[in-house]
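**Q** Taken in order, the sequence shown gives residues 1 to 246; the numbers are from the working numbering.
The reader is advised that the hints may include incorrect statements.
List of simulated lysine-lysine pairs, DSS-like, C-alpha gap at most 27 Å [as the list claims (entries may be wrong)]: (1) Lys117 with Lys2; (2) Lys240 with Lys198; (3) Lys59 with Lys140; (4) Lys142 with Lys206; (5) Lys117 with Lys94; (6) Lys117 with Lys140; (7) Lys142 with Lys56; (8) Lys94 with Lys59; (9) Lys140 with Lys211; (10) Lys198 with Lys211; (11) Lys2 with Lys94; (12) Lys95 with Lys140; (13) Lys47 with Lys59; (14) Lys220 with Lys198; (15) Lys211 with Lys243; (16) Lys47 with Lys140; (17) Lys206 with Lys94; (18) Lys94 with Lys142; (19) Lys220 with Lys140; (20) Lys2 with Lys59; (21) Lys94 with Lys56; (22) Lys142 with Lys59; (23) Lys47 with Lys240; (24) Lys211 with Lys240; (25) Lys95 with Lys56; (26) Lys243 with Lys206; (27) Lys140 with Lys56; (28) Lys142 with Lys2; (29) Lys140 with Lys94; (30) Lys240 with Lys142; (31) Lys47 with Lys94.
Each pair of labels, with its calculated beta carbon distance range [unchecked claim]: (32) Arg91 with Gln138: 31 to 37 Å; (33) Arg185 with Glu45: 32 to 38 Å; (34) Ala191 with Thr13: 42 to 48 Å.
Calculated from the structure, these hints are not laboratory results. Glycine included, C-beta positions come from ideal geometry on N, C-alpha and C.
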Amino acid sequence: MKGRIHSIETCGTVDGPGLRYVIFTQGCLLRCQFCHNPDTWNRNEGKEVTVAELIKDIKSYLPFFQSTGGGVTVSGGEPLLQVEFLTELFRELKKLGIHTTIDSSGGCFSRSPRFMKSLDELFSLTDLVLYDLKHIDQTKHKELTGVSNEHIIDLATYLSEQQIPVWIRHVLVPEISDVDEYLYRLSDFIATLNNVEKIEILPYHKLGVYKWESLGLEYKLEGVEPPTEERVQNAEDILKRVKVMK
């Protein structure tokens, strides 16, 4: 089986525990205004690879995983657009005793029986999900990403029901998601979940703006500056009221 990927980062340190082999998949249904990888959006671009090719390369990093408690993270794009490929990859990784993580925003989630069957199999092989909650307000979420957050909230609930460990990630964008009302609402929702191990605030940055320009895309957050340290701390204080799993 082949998957379509954008790129690979070896020895990553921010996408799960320990040193990580990070696979960035190609394709995403969201159009986040702050996206720093818009070159991953098109599902027909990127490079086709087989599970065997990835496993061969990943094996050379086993000593790093073993010494740091690391493993493999599949990010994107949106990994869940390639559930069958991820399932085959994770099955092979589990044979090697490698920790598996998915970094998802849930944009393609649905409760259709066929998708749920595939998803159940994938998550049975998944040790951790890094889950990006872009905005708690449905209208603001659609303005920010191009889609509603109803199915994204539903996936968060499903992950909680299945007791799959999750790290919640939230990008803090001044005057968009960095609003106390929305932060408190997000905190209240996270408090309903019983599988959250960690909550991470990711300050908005402009490092990917050059990609928008090179692709001829209009960057709609032009003029928006990263949040101040005080606002980042404020968001952490609000969201981290939630009691997380130990």
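**Q** Does each hint fit the structure? Answer for all of them.
**A** Verification of the hints:
1. In summary, the hint linking lysine 117 to lysine 2 is supported, as the alpha carbons are separated by about 20 Å, within the 27 Å threshold.
2. Between lysine 240 and lysine 198 the CA atoms are separated by roughly 9 Å; this keeps the pair inside 27 Å, and the hint holds.
3. Distance hint between lysine 59 and lysine 140 is unfulfilled; the C-alpha atoms sit about 43 Å from each other, more than 27 Å.
4. In summary, the hint linking lysine 142 to lysine 206 is supported, as the alpha carbons are separated by about 21 Å, within the 27 Å threshold.
5. Distance check on the hinted pair: lysine 117 and lysine 94 sit about 20 Å apart at the alpha-carbon level, within 27 Å; holds.
6. For the proposed pair lysine 117 and lysine 140, the alpha carbon gap of about 31 Å is over 27 Å, so the pair is violated.
7. Distance restraint check for lysine 142 and lysine 56: the Cα-Cα separation of roughly 40 Å exceeds the 27 Å cut-off, and the hinted pair is therefore not satisfied.
8. At most 27 Å may separate the alpha-carbon atoms for a hinted pair to count; lysine 94 and lysine 59 meet this at roughly 12 Å.
9. Restraint check for lysine 140 and lysine 211: satisfied, since their Cα atoms lie roughly 24 Å apart, inside the 27 Å limit.
10. Between lysine 198 and lysine 211, the direct Cα distance comes to roughly 30 Å. Violation of the 27 Å bound is thereby established for this hinted pair.
11. Taking the CA atoms of lysine 2 and lysine 94, the gap is near 19 Å; set against the 27 Å cutoff, the hint holds.
12. Between lysine 95 and lysine 140 the CA atoms are separated by roughly 43 Å; this puts the pair beyond 27 Å, and the hint is violated.
13. Note on lysine 47 and lysine 59: the hinted pairing holds, with a Cα-Cα distance of about 20 Å set against a maximum of 27 Å.
14. For a cut-off of 27 Å, the pair hint linking lysine 220 to lysine 198 is broken: about 30 Å separates their Cα positions.
15. For the hint pairing lysine 211 with lysine 243, the CA-to-CA distance comes to about 38 Å; that exceeds 27 Å, so the pair is violated.
16. Among the hinted pairs, lysine 47 with lysine 140 is inconsistent with the structure: their alpha-carbon atoms are about 34 Å apart, more than 27 Å.
17. A distance of roughly 37 Å separates the Cα atoms of lysine 206 and lysine 94; the hinted pair therefore is violated under the 27 Å criterion.
18. With a CA separation close to 37 Å, the supplied pair lysine 94 and lysine 142 exceeds the 27 Å bound.
19. A hinted pair counts as satisfied when its Cα atoms are at most 27 Å apart, and lysine 220 with lysine 140 qualifies at roughly 14 Å.
20. Proximity of lysine 2 to lysine 59 is assessed by CA-CA distance (about 18 Å); at most 27 Å being required, the pair is judged to hold.
21. Distance hint between lysine 94 and lysine 56 is fulfilled; the C-alpha atoms sit about 14 Å from each other, no more than 27 Å.
22. A C-alpha spacing of about 41 Å is found between lysine 142 and lysine 59, which places the hinted pair above 27 Å, so the restraint is violated.
23. Taken as a hint, the lysine 47 and lysine 240 pair is broken in the structure, with Cα atoms around 39 Å apart against an allowance of 27 Å.
24. Distance check on the hinted pair: lysine 211 and lysine 240 sit about 33 Å apart at the alpha-carbon level, beyond 27 Å; violated.
25. Taking the CA atoms of lysine 95 and lysine 56, the gap is about 13 Å. The hint holds against a cut of 27 Å.
26. For the proposed pair lysine 243 and lysine 206, the alpha carbon gap of about 32 Å is over 27 Å, so the pair is violated.
27. At roughly 43 Å between alpha-carbon atoms, lysine 140 and lysine 56 are farther apart than 27 Å, so this suggested pair is violated.
28. Straight-line distance between C-alpha atoms of lysine 142 and lysine 2 comes to about 32 Å, which puts the hinted pair past the 27 Å bound.
29. A distance of roughly 39 Å separates the Cα atoms of lysine 140 and lysine 94; the hinted pair therefore is violated under the 27 Å criterion.
30. Distance check on the hinted pair: lysine 240 and lysine 142 sit about 25 Å apart at the alpha-carbon level, within 27 Å; holds.
31. Taking the CA atoms of lysine 47 and lysine 94, the gap is about 24 Å. The hint holds against a cut of 27 Å.
32. At roughly 36 Å, the beta carbons of arginine 91 and glutamine 138 sit within the given window of 31 to 37 Å.
33. The given range of 32 to 38 Å is respected by arginine 185 and glutamate 45, whose C-beta atoms sit roughly 36 Å from each other.
34. Here the CB-CB span from alanine 191 to threonine 13 is close to 29 Å, at odds with the stated 42 to 48 Å.
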